[in-house]
Amino acid sequence: SQTIHQWPATLVQPVGSPLSLECTVEGTSNPNLYWYRQAAGRGLQLLFYSIGIDQISSEVPQNLSASRPQDRQFILSSKKLLLSDSGFYLCAFNRGGTGELFFGEGSRLTVL
Amino acid sequence: AQSVTQPDIHITVSEGASLELRCNYSYGATPYLFWYVQSPGQGLQLLLKYFSGDTLVQGIKGFEAEFKRSQSSFNLRKPSVHWSDAAEYFCAVEGRGSTLGRLYFGRGTQLTVWP
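Same order as they appear, the protein sequences are chains A and B. Those letters in the first sequence? Residues 1 to 112, per our numbering, in order. Those letters in the second sequence? Residues 1 to 115, per our numbering, in order.
Treat the hints with care, since some could be wrong.
Calculated from the model, a selection of chain A residues having no Cβ within reach of chain B, i.e. all distances over 10 Å [unchecked claim]:
id: 1; residue: Ser1
id: 2; residue: Ser78
id: 3; residue: Leu83
To give a feel for the contact side, a few chain A residues facing chain B, derived at Cβ under 10 Å [said to hold, decoys possible]:
id: 4; residue: Ile4
id: 5; residue: Gln6
id: 6; residue: Trp7
id: 7; residue: Gln38
id: 8; residue: Gly41
id: 9; residue: Arg42
id: 10; residue: Gln45
id: 11; residue: Tyr49
id: 12; residue: Ile51
id: 13; residue: Asp54
id: 14; residue: Glu59
id: 15; residue: Lys80
id: 16; residue: Asn94
id: 17; residue: Gly104
id: 18; residue: Gly106
id: 19; residue: Val111
Everything labelled a hint here was simulated from the structure, so no lab data went into it. Note that CB positions come from ideal geometry on N, CA and C, so glycine has one too.
Bound conformation, chain A alone:
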């Protein structure tokens, strides 16, 4: 069966520190991968979208970057965190052009 894992589940980081959130998918190949951020009262914002290795689209300009070094691995990074980067980050995948998104359990980032 298809599964998705992301970690860490919770992270508290000081302003200016780096960030790395990881997401891996199992049980499928060549998935479309997504990073969303959920801020309080603002719904889910699509951050990055990837259709293949090293093929990543950024939806909004920001302090974050994404990489896909392997087919089923998606990494969200920052060199220097800002307070505004705090939020709940969700990794998701689907296969093909349309259809259901499968979400990870999320990573809660607090920047102090």
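With chain A's structure known, arrange chain B on it following the hints.
Coordinates of chain B only, in the frame set by chain A:
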């Protein structure tokens, strides 16, 4: 570009009462439409989806939604709410063409259920 509006930030209903959560979308053609539910601190789970055909779609947990092209709406309904339905609900739209595969979500509606 496509977008989704959920006009109700928070809704409170009594257990056993009927429920309707509103969703309006903006898109030049008929999009793919979804409703997801999120329990606190968790990821999202798909409730139902509309791609084409019958405009009334049935989902899990007794939910249904109706696509109305004339109103650009995709409202979620349940005839009798259970306390376990308390959660946050998100409507999402997936465009076709160049944005195929990307889902855009509304801001969510928080549902509280009174016993």
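Outcome of the hint check:
Even its closest Cβ contact with chain B, about 15 Å, leaves Ser1(A) beyond 10 Å, as expected for a residue assigned away from the interface. Distance check on Ser78(A): its Cβ is at least 22 Å (rounded) from any Cβ of chain B, clearing the 10 Å threshold; non-interface status holds. The claim that Leu83(A) lies off the interface holds: its Cβ sits roughly 21 Å from the closest Cβ of chain B, which is beyond the 10 Å cut-off. Interface restraint check: Ile4(A) against chain B, minimum CB-CB distance 8 Å, threshold 10 Å, status holds.
The restraint placing Gln6(A) at the interface with chain B holds, with a minimum CB-CB distance near 9 Å, inside the 10 Å limit. With 10 Å as the threshold, the beta carbon of Trp7(A) stays out of range of chain B, its nearest partner Cβ sitting at about 13 Å, so the hint is violated. At a threshold of 10 Å, the smallest CB-CB gap from Gln38(A) to chain B is about 8 Å, leaving the interface hint in force. With 10 Å as the threshold, the beta carbon of Gly41(A) comes within range of chain B, its nearest partner Cβ sitting at about 7 Å, so the hint holds.
Annotation: interface hint on Arg42(A) holds; nearest CB of chain B at approximately 6 Å, less than 10 Å. With 10 Å as the threshold, the beta carbon of Gln45(A) comes within range of chain B, its nearest partner Cβ sitting at about 8 Å, so the hint holds. Taking 10 Å as the C-beta contact cut-off toward chain B, the hint placing Tyr49(A) at the interface holds, the least distance being around 6 Å. For Ile51(A), the interface hint holds, since its Cβ comes within 10 Å of a Cβ in chain B; the closest pair sits about 7 Å apart.
Among the interface hints, the one on Asp54(A) is violated; its C-beta lies about 17 Å from the nearest C-beta in chain B, farther than the 10 Å criterion. Interface restraint check: Glu59(A) against chain B, minimum CB-CB distance 8 Å, threshold 10 Å, status holds. At about 27 Å, the closest approach between the beta carbon of Lys80(A) and any beta carbon in chain B exceeds 10 Å, and the interface hint on this residue is violated. Using the Cβ-Cβ criterion of 10 Å, the hint placing Asn94(A) at the interface with chain B is satisfied: the shortest such distance is roughly 7 Å.
Hint on Gly104(A) holds. Least Cβ distance to chain B is approximately 6 Å, under the 10 Å limit. At about 6 Å, the closest approach between the beta carbon of Gly106(A) and any beta carbon in chain B falls short of 10 Å, and the interface hint on this residue holds. At a threshold of 10 Å, the smallest CB-CB gap from Val111(A) to chain B is about 18 Å, leaving the interface hint violated.
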